[in-house]
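Enquirer: Listed below are the residues making up each chain.
There are 2 protein chains.
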Amino acid sequence: MTITDVFESYKNDLLRVETQIQEGLLSRAVLIRQVGNYLLQGGGKRIRPLLLMISANLCGNPGPQAVNMAAMVEFIHTASLLHDDVVDGAETRRGQAAANNLWGNQATVLIGDFLYSKALHDSVKLENQAVLESISFATQTMSEGEVLQLLKTGDPDITEDEYMEIIEAKTAALISSACRIGAILGGMTREKEDALAGYGMDIGRAFQLLDDTLDYTAREDKLGKALGKDLGEGKPTLPLIHLIGNSAPEEAAKIRNIIQEQSQNREDLEYILSLMRERRSAEYAVNRAESYIERAKGRLSVFPASPHKDALYAVADYVVEREM
Amino acid sequence: MTITDVFESYKNDLLRVETQIQEGLLSRAVLIRQVGNYLLQGGGKRIRPLLLMISANLCGNPGPQAVNMAAMVEFIHTASLLHDDVVDGAETRRGQAAANNLWGNQATVLIGDFLYSKALHDSVKLENQAVLESISFATQTMSEGEVLQLLKTGDPDITEDEYMEIIEAKTAALISSACRIGAILGGMTREKEDALAGYGMDIGRAFQLLDDTLDYTAREDKLGKALGKDLGEGKPTLPLIHLIGNSAPEEAAKIRNIIQEQSQNREDLEYILSLMRERRSAEYAVNRAESYIERAKGRLSVFPASPHKDALYAVADYVVEREM
Chain A
1 MTITDVFESY KNDLLRVETQ IQEGLLSRAV LIRQVGNYLL QGGGKRIRPL LLMISANLCG
61 NPGPQAVNMA AMVEFIHTAS LLHDDVVDGA ETRRGQAAAN NLWGNQATVL IGDFLYSKAL
121 HDSVKLENQA VLESISFATQ TMSEGEVLQL LKTGDPDITE DEYMEIIEAK TAALISSACR
181 IGAILGGMTR EKEDALAGYG MDIGRAFQLL DDTLDYTARE DKLGKALGKD LGEGKPTLPL
241 IHLIGNSAPE EAAKIRNIIQ EQSQNREDLE YILSLMRERR SAEYAVNRAE SYIERAKGRL
301 SVFPASPHKD ALYAVADYVV EREM
Chain B
1001 MTITDVFESY KNDLLRVETQ IQEGLLSRAV LIRQVGNYLL QGGGKRIRPL LLMISANLCG
1061 NPGPQAVNMA AMVEFIHTAS LLHDDVVDGA ETRRGQAAAN NLWGNQATVL IGDFLYSKAL
1121 HDSVKLENQA VLESISFATQ TMSEGEVLQL LKTGDPDITE DEYMEIIEAK TAALISSACR
1181 IGAILGGMTR EKEDALAGYG MDIGRAFQLL DDTLDYTARE DKLGKALGKD LGEGKPTLPL
1241 IHLIGNSAPE EAAKIRNIIQ EQSQNREDLE YILSLMRERR SAEYAVNRAE SYIERAKGRL
1301 SVFPASPHKD ALYAVADYVV EREM
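Protein sequence lines, in the order shown, are assigned to chains A and B.
Residue numbering for the first sequence follows the numbering used here, starting at 1 and increasing by one per position.
Residue numbering for the second sequence follows the numbering used here, starting at 1001 and increasing by one per position.
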């Protein structure tokens, strides 16, 4: 089963989610609808709603509550992207102009707030304490992860553990919550709920590790943004942390300087890229991502074989097979 | 009973709220604690926690849940101030440097997000559906109000009704929720809950009307910020809307131009101020605020006389007696 097969299998579920997303953007503030439509067209792969719907199917309850929460998880994700774009001063997102560039920082901040608060309010309406606990905890964890990441901006001394803590908080927590909510709605045992949440955490970790690696290895036309973006923003990610740990003192000093200066110099980027190829830093990060994917799959052993379980395997594989 | 007496009477409750606020700011991200401490010292009058605690006392349950929610309401309010400061590019807040000036827009956006999400997550932990419904609805309404306000920036054609819709959403909804939550926790009838919520809406309306009027009439050393801030940001508030409606065509054209240009020119401000004095625009807005205060008090008639009810009267009076 490929990722294309998965999207095809859950096409109807995802269409229900899209309808829910569009209804959620109806507001007396016309700007919310405008930015909403832009975000909808902007696409994104809807990987979080997909995971929630597969998980809900696996657990036997892909009803309206699952669809609703799938839309809300995407709202929260989108809100975090909007605020990220403001924080990073992004020019582009997914290959098109970033929202802050089109509507300014003001609207971008406020519409992010609207999406966050709308998502949590709509979640409250489901009157399911465990679902609410999961989604609100994930949202808080995400925002804490963003602050942690900001604190480490321009800091070449970040450790691999600190880096993992950041990506678990800012990325994996919400993906984990999406999977957990499917289990909660299906009334699964705690063991199975935790298994799906753990699966989500692991593929979330792998997803971000790959994303951070692609920032050094992708083809720019495929990535939809310039290479070395993290480097230019002074965000040390795993390939760079690996490189520093595997450099001679004078190399390390130069790299640390590039990070601290948040250099956007093409020559500095080329220097880093060439050292990374030599020290196999991208491979190191990818290997780590692959081992999380293996662990994620292993966690599903508490579930009997089924097409939905196969779909979760396929999503896991897809995460590490994205174009390098 | 004066506002000073009120703060004195609820000193212990407010101290419990302060403790809760400080505990809520404990985070592995040191920046959150730093900004948190700055916000705590920054003061603010804690009018929302005060109202929640008075309401909870009036309704017979000022226990730990009320204290917790009072802190969370203040978190949500503070988060909205942080994002406002980013949106407005504020230089100062409450007479000291604005957070965005000290820590930059990045940290200010992200810590605002943290406070919002922390508040909603901690509220979820109380496992009280009605409380959650109220606070999450208020938060969504606030953010929608902020977007509505942004849409009307630089627009001299805003009507009085549209202006009221904005201030109800961005300011009154949260104050109303604070009052309602006290009633919910006290297990009041729906009638009394709605009475307190209505009281909160009305004093919220009056509070913002006064705030917007003070922007044209206060002494700058008392206001802690420069006069005419709203004018410079192109935010037409009630005194200005009144003025446009009571100007000769050539005056109105000049005023509309000043709004559209978001003029920060001192001469333009003086022109507006002098016309406002002549047309009694501030008095018009204050009268409107006073009538909301009267209505707010009237709503409390469903409660028997008590010191807590007197305290709510005193807070209502205070709202319109702030220094002009």
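Note that these hints are calculated values from the structure, not bench results.
Just so you know, not all the hints are guaranteed correct.
Here are the simulated EDC-like cross-link-like pairs (lysine to aspartate or glutamate), alpha carbons at most 16 angstroms apart as the crow flies [as the list claims (entries may be wrong)]:
id	chain 1	residue 1	chain 2	residue 2
1	A	LYS45	A	ASP88
2	B	LYS1045	B	ASP1088
3	B	LYS1125	A	GLU133
4	A	LYS125	B	ASP1013
5	B	LYS1297	B	ASP1310
6	A	LYS125	B	GLU1133
7	B	LYS1125	A	GLU127
Enquirer: Do the alpha carbons of LYS125 (chain A) and GLU1133 (chain B) lie within 16 angstroms of each other, as the hint requires?
Expert: Holds, at roughly 7 angstroms.
Enquirer: Are the Cα positions of LYS1045 (chain B) and ASP1088 (chain B) separated by 16 angstroms at most?
Expert: The given pair, whose Cα atoms are some 22 angstroms apart, is violated under the 16 angstroms limit.
Enquirer: Below or equal to 16 angstroms on CA atoms is what counts here, so check LYS125 (chain A) against ASP1013 (chain B).
Expert: Measuring from Cα to Cα gives roughly 31 angstroms; hence the hint is violated.
Enquirer: Mind checking the alpha carbons of LYS1297 (chain B) and ASP1310 (chain B) for me, to see if they're no more than 16 angstroms apart?
Expert: holds, 10 angstroms
Enquirer: Next pair to validate is LYS1125 (chain B) with GLU133 (chain A); report whether the Cα-Cα distance is within 16 angstroms.
Expert: holds, 7 angstroms
Enquirer: Straight-line Cα separation of LYS1125 (chain B) and GLU127 (chain A) no greater than 16 angstroms?
Expert: Holds. LYS1125 (chain B) to GLU127 (chain A) sits at ~13 angstroms (cutoff 16 angstroms).
Enquirer: Take the C-alpha atoms of LYS45 (chain A) and ASP88 (chain A), compute the straight-line distance between them, and say whether it is at most 16 angstroms.
Expert: violated, 22 angstroms
The structure fails to meet hints 1, 2 and 4 from the earlier list, while all remaining hints are met.
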